[in-house]
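A.B. asks: Chain residues, written in single-letter form:
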Amino acid sequence: MNEGMSLIVRTIARWVVGFIFLYGIYTLVYGHLSPGGGFAGGVILACAYILILIAYGRRFAFKNLDWRIARSLDSIGGLLFLVLAFLGLLFLTNGGAYFFANFIQKLHPGKPFHLFNAGIIPLGNLAIGIKVLASIFVAVALLSALRLFDERGERSFESMEEEK
Amino acid sequence: MFELLVLILVFMILAGVLAIEADDLVSAVVSMGAVGFGLSACFLLLRAPDVALVQIVVEVVILILLLRGTIGMGIETVKGHRDRAGMAGGVILVVLFLALALYVAVELPKLGEPGFVRFLDSPSWTYLKESLSLTGATNAVNAVLLDFRGYDTLGEVIVLFTAVLGSIALLRRKHRQEKKDE
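So the sequences go chain by chain: A and B. Under the numbering used here, think of the first position of the first sequence as 7, with each following residue one higher. Under the numbering used here, think of the first position of the second sequence as -18, with each following residue one higher.
It should be emphasised that the hints constitute simulated quantities derived from the structure, not laboratory data. Hints are not guaranteed to be accurate.
[Unchecked claim] With a straight-line cut-off of 20 angstroms between C-alpha atoms, the simulated EDC-like cross-links for lysine to aspartate or glutamate are: (1) A/Lys112 <-> B/Glu111; (2) B/Lys60 <-> B/Asp4; (3) A/Lys117 <-> B/Asp4.
Owing to the predicted nature of the structure, the values given are computational and were not obtained by experimental measurement.
Can you make the complete structure from the sequences, with help from the hints?
C.D. replies: Given below as structure tokens:
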């Protein structure tokens, strides 16, 4: 996976990757209205990046999304979800405050079947999507750099550089 | 619909047996992928599109990882003898489990019939009835995941975070080089 694959694979990947990304964003954003949600959307977005990683090689993929940035995104997504849970404790002061309270829906109820609706659920979907995208991309990128055998078939260990 | 489900289940069992029996690692991985895609089709037939979507997407990623793990690593065939005693024990356990499952299956509600309707104040029934009015989300599955059962999702997030943390700690080069210098 270091230098990518043939011209045919690259061309098809270039055509398809945008649609995969669009579908991932749709599943992520419309998770509270139609089947899908944070986890599925995040994995589909990660699939788009994995396709780039396989077709074009590691160097090109890290120009799109550096694995160190993805590592930070991983933490940011998880923290966003935690902060969202704590905000329920903060905003609903009169009685109904609890961890993971849907404070937006309780203060400003939206219309059913509309995109801006359901309070913290779309925001939570977004946070989980970012987190899952980053974690799966980091895991695949790390494993793609891993080599246990060198060219002569002898045991060796080769993996991602920590500092470039 | 039921006949199609049985057909897919038989196909999954055959693919699972092939995945165990194949000597070639690549064909074992591919038959494992067939099991996963069959499972996704089953979920779709049982009207669980959310689970089917997650299953198919995760299956694709795992298939890519496993293929990368088998083709790139220089390990392509499996050698060695089968453990006869272990296999006999496994078969006995499976038969025992099937007998117990058949014993219980008489009591279960029919396929496609929700069991929780019998208990009117059960949590699952309440979630289905109240999800739109309480959370505003049309997708009841998402309402359960992120509102009623937010704790579980938080735990899932922590599990993923820990997994990535572990893989970064294990797979980076710096750690290995320092160990080699000692």
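A.B. asks: None of the hints should be skipped; say for each whether it holds.
C.D. replies: Quick rundown of the hints versus the structure:
no. : hint                  : in the structure
1   : A/Lys112 <-> B/Glu111 : holds (14 angstroms)
2   : B/Lys60 <-> B/Asp4    : holds (7 angstroms)
3   : A/Lys117 <-> B/Asp4   : violated (57 angstroms)
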